[in-house]
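K.L.:
Here's the letter readout for the chains.
Number of protein chains: 2
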Amino acid sequence: MKKLFNTKERIVDDMINGFVAAYPDIVARGANPRVVCRATPKPRDEKVALLIGNGSGHEPIAMGFVGSGLLDANIVGDVFAAPSPDLILEGIEEVTGDAGAVLLISRHEGDVINGNAAAMMAEDDGLKVRPLLMYDDISSAPKGQEDERRGAAGTMFIYKVLGAAAEAGMALDDLVALGEDVRARTRTLGAAVSPGISPLTGELMFTLPEDEIFIGMGVHGEPGVGRRKVGPVKDLVSFMVGELLDDRPIEPGATTVVLVNGSGGTTMMELLTIYNEVASVLSARDIPAVLPMIGSYSTTQEMGGFSISLFTPTPDMLKLWQAPHASPHFPHIHGGEGV
Amino acid sequence: MKKLFNTKERIVDDMINGFVAAYPDIVARGANPRVVCRATPKPRDEKVALLIGNGSGHEPIAMGFVGSGLLDANIVGDVFAAPSPDLILEGIEEVTGDAGAVLLISRHEGDVINGNAAAMMAEDDGLKVRPLLMYDDISSAPKGQEDERRGAAGTMFIYKVLGAAAEAGMALDDLVALGEDVRARTRTLGAAVSPGISPLTGELMFTLPEDEIFIGMGVHGEPGVGRRKVGPVKDLVSFMVGELLDDRPIEPGATTVVLVNGSGGTTMMELLTIYNEVASVLSARDIPAVLPMIGSYSTTQEMGGFSISLFTPTPDMLKLWQAPHASPHFPHIHGGEGV
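Note that the protein sequences, when read in sequence, are chains X and B. Following my numbering, the numbering of the first sequence begins with 1 at its first residue and continues without gaps. Following my numbering, the numbering of the second sequence begins with 1 at its first residue and continues without gaps.
The shape of chain X in the complex, shown without the other chains (with noise of 0.2 Å):
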C-alpha cells in the first residue's frame, strides 16, 4: 500500500504522537492515550465540557479541533471505526466535572449505539452527561425523517458555535438546546467523484464511472442517491443547492454560512470555484452568504468530491461562529483584519 506510515497496527497512535507532539501548548493526551484532551482546560466544574468520540481517517477532524473555544476532548477510534463505549466513558471521566458534558454524536450507527451507552455509564457514576446526536445529510433519509439522517460535514458547525458558547460559560441545558437549534437550521448534501484508499486493505473504496459523480454518497462509501455525468460545475452545484433549498427553504434576505468541504483529494482551486457557483446561486436567490469555511476538514482519506453545507444562524450563533479559539485545525472566522 502506497501510505505513509509505519504498519497498520501503528497507524493511529502514530498520527496521535505526532499531533500532541506538534501542539503541546494546546492539546494533550489523556490517561488513556486515544483519549485527546485540551492542555490547559477550564475548571470543569465550571465549564460544560464538549467532546466527541469517532473513528479516526476523517482527519482533521474532529483531533484537530480540540482546543479552548472548541472541543475539550475528542476520544480517537481506529480507522474507520467508532470507539467503543468504554473507551468513550474514559474520554466522558476525563474531561467531566460538576458543569457536565455534551457528548456530540454524529448519527452513524455504531457511533449512536457506542455514545449513547457510554452516556448511560457515565449517568451510572453520577455525571451528568447529555448525548446531542448530529445529522444533516438531506441524502440520507427523505424530508420529514431528518433524525433518521447521517451526520456529515455540517455537524462543524455544531463544534463551533457550540464549542464557544460553552468557552463563554453556557449551562448543560442551554447548550443542547442551542446545538438542537443550530442542527435544525443546517442541511449538507455531498458529491463523490474518486474513491480514497482505505489505509487498511490498501483498496479503493468504491468504484464510479470515469465520466460520472455520485451525489450523496455517504463519508464511509455509503450509497448515494443518484448519479450526474461529469459537466461544467455550475450545473453540479445549481442542481445542488436547489435540492438543499428544497429540503429546508431560505427566505430572501436570510443570512447564511456556506461550508464547502472537500473530501480529501480535491484541490482548493476547486473549492473555491465551488464556493463562487454556490454564493452566484445564492445571490441569485437575495440570499446573503457571509463567513464562510472553504478547505478539507472532513475528509475520507484521498478521496475526490466535496460537500455544500448552508447553515442560517441567529445573529448570536453568527457571533459564536466568529469567536476565537486555539484549536489546531479549525479555520479563523472573522469578518475583518485582525493584527
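Check the hints yourself; a few may be wrong.
All copies of an identical chain are treated as equivalent in the list; a pair is satisfied when it fits inside any one copy or across any two copies.
To be verified - Calculated pairs, BS3-like style, for lysine-lysine (alpha carbon to alpha carbon, straight line, at most 27 Å):
1. Lys2 <-> Lys234
2. Lys128 <-> Lys8
3. Lys229 <-> Lys2
4. Lys143 <-> Lys42
5. Lys42 <-> Lys128
6. Lys143 <-> Lys128
Don't read these hints as lab results, they were simulated from the structure.
Chain B: place on chain X using the hints.
P.N.:
Then chain B, alone, in the frame of chain X:
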C-alpha cells in the same frame, strides 16, 4: 477530465472570484482582476509592501496568504505559468508607495525572469522595489551552489516572518536582509508518492512505479535525485532529515521549526505521522522542535507526497513566526490558548 471546473479558460478567474467573494473583509481584487490584494491596506507610504507573483494550481499558496500580517498582494498567473512582467508590474503599482516593496520570487526560471523584469520596470517608474530570490530545495543543486536551488515549501517561512516584520513597520533594506537571513536558515527536501492531474491536459503529471517514491521532485514534476522503495515512513523520514542536516547542520539545543507540507493528496493522518518521525529524529539529536506548520499549503493539485523543511530562527524571527495575521489560509501559529 474529472475536475470540478466550468471550462479550462475560466479556471483561474472562477477561482479568484470565489476567493474574493468568500473573504471580502480581508481581500479584494486590484484594478487588474488577476491581482489579489488586501481589502484594508495600511498607508503605503508607511508600510513596505510584500508581494509575490506565481503560477496558479498550487493553492492555497500564495493567494490564500494575502491579508494583514502577511502579503499585501498576490499576482495570479495562469495554471503552472509565471505571470507576465506587465502583470507583475500592475501588482507592484497597486500596492507600492513611498515605503517601497519587497517582491518575493520563488526561484523558478519564468518567475525569476519575469519578476526581475517587472522590478526593473517599476524602478524605471520611480518605485523602490527590491526583488528577493527564495530557494531552499537541497535536491535541486549541490551544497555550495545554494543560489541555484529551486524555491520550495520552505519559502513560506519567509512569507510569514517578513509579513509580520513589514506589518510592524520594518524598513525596506532591513526586510531584505531579514529575508536573506531566513533563507540562509532554511532547507527543504521533498518526496513524491503519486502524480497529480494537470487541469490543463487532464493527464497525470508524471508516472512512477507502484512501489517507489521519488526524492527531490519539484512542484511541477521536475526530476528528483533518487528513488526509494515504499517502506516504513520512519526509514524514509530518517533518511530525508539526515540529508537536510548534512546540507545544513543544526547544533544540539538550537530551536528548530519544522514544516511538513503535503503536496495535495496526502492525508492529515500521514502528515502527522511524518511530523512524529521528524520530531523523533530531531529529539535524538537534542534539537528542540517547536511551533510546526503541518498541512497541504503548497500543493501540486492532488499529487501525493510531502516535503520537510527545517528552519532555525533567531528569537526575534520566532516571535514574528507566531505573530497574528488575518490571511484566509495561512495557519495560526501559537504556543498558547488564544482565547
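K.L.:
Determine for every hint whether it applies to the structure shown.
P.N.:
Verification of the supplied hints:
1. Lys2 <-> Lys234: between (34 Å within a copy, 14 Å between copies)
2. Lys128 <-> Lys8: Neither, since 37 Å and 56 Å both go past 27 Å.
3. Lys229 <-> Lys2: Classified as between: cross-chain Cα gap 10 Å, same-chain 30 Å, threshold 27 Å.
4. Lys143 <-> Lys42: neither (40 Å within a copy, 50 Å between copies)
5. Lys42 <-> Lys128: Close inside one copy (17 Å), not across copies (50 Å); limit 27 Å.
6. Lys143 <-> Lys128: For Lys143 and Lys128, the Cα distance exceeds 27 Å both inside one copy (32 Å) and across copies (62 Å).
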